[in-house]
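Enquirer: Those protein sequence lines, which keep their order, are chains A and B. With our numbering, letter number 40 in the first sequence gets 40, and the count goes up by one each step, no holes. With our numbering, letter number 249 in the second sequence gets 530, and the count goes up by one each step, no holes.
One or more hints might be untrue.
[Said to hold, decoys possible] Not the full set, but computed from the structure, chain B residues with beta-carbon under 10 Å of chain A: (1) 343; (2) 376; (3) 379; (4) 412; (5) 492; (6) 495.
[To be verified] Counterexamples of contact, computed for chain A against chain B with all Cβ distances above 12 Å: (7) 119; (8) 140; (9) 176; (10) 211; (11) 229; (12) 246.
[To be verified] These stretches of chain A come out as covered by chain B in the derived footprint (C-beta under 8 Å, 3 or more residues): (13) 80–86; (14) 95–105; (15) 231–240.
What the hints contain is simulated information worked out from the structure, not anything from laboratory work. Note that CB positions come from ideal geometry on N, CA and C, so glycine has one too.
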Amino acid sequence: MTTTGARPGHAKINPMRRLRRWLGDNAVVRTLGPFVPLLLFWWLLAESNAFPDAFFVGPDTVLGEFGDLIRKGILPGYLSDSITRLLYGVGFGLLIGLPLGFLVASSFWARRLTWPLLLFFQAIADIAWLPIVIVWFGFSLTAVTFVIVYTIVFPLILAVVAGVEQVPTELVRAARSLGAGRFRVFVEVIVPGALPSVASGIRTGLGYGWRALIAAEIIVGTSGVGFMMFDARRVGDVSEVFLGMIVLGVLWYAVDALVLAPFERVTVERWGMVRQVEAGR
Amino acid sequence: MTLAHARTDAGARRRTSSGARRGPRSRLVSAFWFTLPFVLLLAVWAVAVEVTGTPMRIFPQVTDVAAALREMTVSGDLARHLGASLRRVAVGAAIAVVTALPFGIALGASPKLAAFFAPLLRFSVALAGIAWIPIATLWLGYTDSAVIFIVWNAMFFALAYNAMLGVQRIPIELLRAARSMGTGRVRMFWEVLLPGALPSVVTGLRIGLGYGWRGLVAAEIIASSAGLGYALFLAQKSFDTDVVIAAMAIIGVLWLLMDRLILAPLERRTVERWGMKTVAT
Chain A
1 MTTTGARPGH
11 AKINPMRRLR
21 RWLGDNAVVR
31 TLGPFVPLLL
41 FWWLLAESNA
51 FPDAFFVGPD
61 TVLGEFGDLI
71 RKGILPGYLS
81 DSITRLLYGV
91 GFGLLIGLPL
101 GFLVASSFWA
111 RRLTWPLLLF
121 FQAIADIAWL
131 PIVIVWFGFS
141 LTAVTFVIVY
151 TIVFPLILAV
161 VAGVEQVPTE
171 LVRAARSLGA
181 GRFRVFVEVI
191 VPGALPSVAS
201 GIRTGLGYGW
211 RALIAAEIIV
221 GTSGVGFMMF
231 DARRVGDVSE
241 VFLGMIVLGV
251 LWYAVDALVL
261 APFERVTVER
271 WGMVRQVEAG
281 R
Chain B
282 MTLAHARTDA
292 GARRRTSSGA
302 RRGPRSRLVS
312 AFWFTLPFVL
322 LLAVWAVAVE
332 VTGTPMRIFP
342 QVTDVAAALR
352 EMTVSGDLAR
362 HLGASLRRVA
372 VGAAIAVVTA
382 LPFGIALGAS
392 PKLAAFFAPL
402 LRFSVALAGI
412 AWIPIATLWL
422 GYTDSAVIFI
432 VWNAMFFALA
442 YNAMLGVQRI
452 PIELLRAARS
462 MGTGRVRMFW
472 EVLLPGALPS
482 VVTGLRIGLG
492 YGWRGLVAAE
502 IIASSAGLGY
512 ALFLAQKSFD
522 TDVVIAAMAI
532 IGVLWLLMDR
542 LILAPLERRT
552 VERWGMKTVA
562 T
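One chain only, chain A, in its complex shape:
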């Protein structure tokens, strides 16, 4: 009786508070919530006609453009082109970068003879390779893939070497003295120990590769989201440029938040190099 009597009073305060707490705790709301005022602000800015339509359009126009391009099949086509290129690039990048990284890391002489070169080639911005790559391969998929592979390979090698160096020597010695062969030490001590660094290397490499892809598509210009944006800019279609930027942002955010960040977190937690990761940050 008393409880039921007390309920209505609670019910008056609680739902709001509970709603607020739920909103505050909910990961989706916390991540996506801030975008709502941003969208509103954008819409208001566009509605106020502070900028001419040729330079700035509102979210409604961009949404219309989005529906239009989806219906015509242009956006899905370009998007799949971009993603295919990125996947090719990442695949080959991993295939080349990981073995090379472990090779360089495992031998003193390999490191001594290649480390300065690695630093130098990492320093030549990937995009600077585009012109020469166009000379070699023409305006083709190979040219774009080459640039992405290049972008990913060098940060990856550097990260692998850094990761292997972080493996405490005691662990290697302990494993050896327990009778593990070189191969077993490599597979069961060095590779897992280097994984956290490798994971963050993959993440950075992909971040650069993603940008390189956009630049390559703008410059090589046959298809893809980057091409779509630059083509739209050429004819002065702002809404399509805006749309391209949003698509790129959403796509990368999704890849980063749903694939790369969890992968990095899992490896770090699993192989527990938290101490070093903290120091590295």
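Once you've looked at the hints, dock chain B against the given chain A.
Expert: Just chain B, lined up with the frame of chain A:
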């Protein structure tokens, strides 16, 4: 990236410290080991081009590139392009530091602001730089300011995000101690928040400059009439591959110099002065 850089930086530190300890002789030795791989690379390059008889349009001989470099220096083209690129990076970076640091530190100091802006910032980091080139050229035309905008844009978000993280990592006792001794807002900013965030800020600066440098090259290829990226693209159009390779080498050397002369000392100084010594050792 941070890990990879931590390694390269540690390598650099080890080298310099051992050089300081054991005098000029060992510094010479390490300089020798740094340059040897490049000499070997040049030799392999020269022999490979000679043996395979690759035409100059595909891959120039070492001597051709050296001649191109000399010619560019004599004609003053090199100085012009170099000056244009460096000025843009300097201006863009300066604006980015001035705008991003106060913003990021304010975010870090206020949990509510941080919760709101963090997802937006992460989204923007994903999009920063090259993806803005079409819209920047639309708003600002094919001008210097469009390129500077790209450099600023590429750096701003990474810098602000890392400044925020840096402030959030300041031990709460320090903040409380400063506050309980009656520190005002201005002093708080200059003497606690800014120095405390510096190690993370330098990391952000390094990541941001990496994006900015790539953005610069891409923007110059697409939208300008001077600068290294433009020189690169102009040479590619006329199939002057010797000039292309020369410009690429210059871009690489410049980044290495920036890294060694500006970023690494800055990083060393901030990490040593305010850094996580207890964690690192």
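Enquirer: If a hint holds in the structure, say so; if it does not, say that too.
Expert: Here is what the structure says about each hint:
{"no.": "1", "hint": "343", "in the structure": "violated (15 Å)"}
{"no.": "2", "hint": "376", "in the structure": "violated (20 Å)"}
{"no.": "3", "hint": "379", "in the structure": "violated (24 Å)"}
{"no.": "4", "hint": "412", "in the structure": "holds (5 Å)"}
{"no.": "5", "hint": "492", "in the structure": "holds (7 Å)"}
{"no.": "6", "hint": "495", "in the structure": "holds (5 Å)"}
{"no.": "7", "hint": "119", "in the structure": "violated (7 Å)"}
{"no.": "8", "hint": "140", "in the structure": "holds (15 Å)"}
{"no.": "9", "hint": "176", "in the structure": "holds (24 Å)"}
{"no.": "10", "hint": "211", "in the structure": "violated (5 Å)"}
{"no.": "11", "hint": "229", "in the structure": "violated (4 Å)"}
{"no.": "12", "hint": "246", "in the structure": "violated (9 Å)"}
{"no.": "13", "hint": "80–86", "in the structure": "violated (count 0)"}
{"no.": "14", "hint": "95–105", "in the structure": "violated (count 0)"}
{"no.": "15", "hint": "231–240", "in the structure": "holds (count 4)"}
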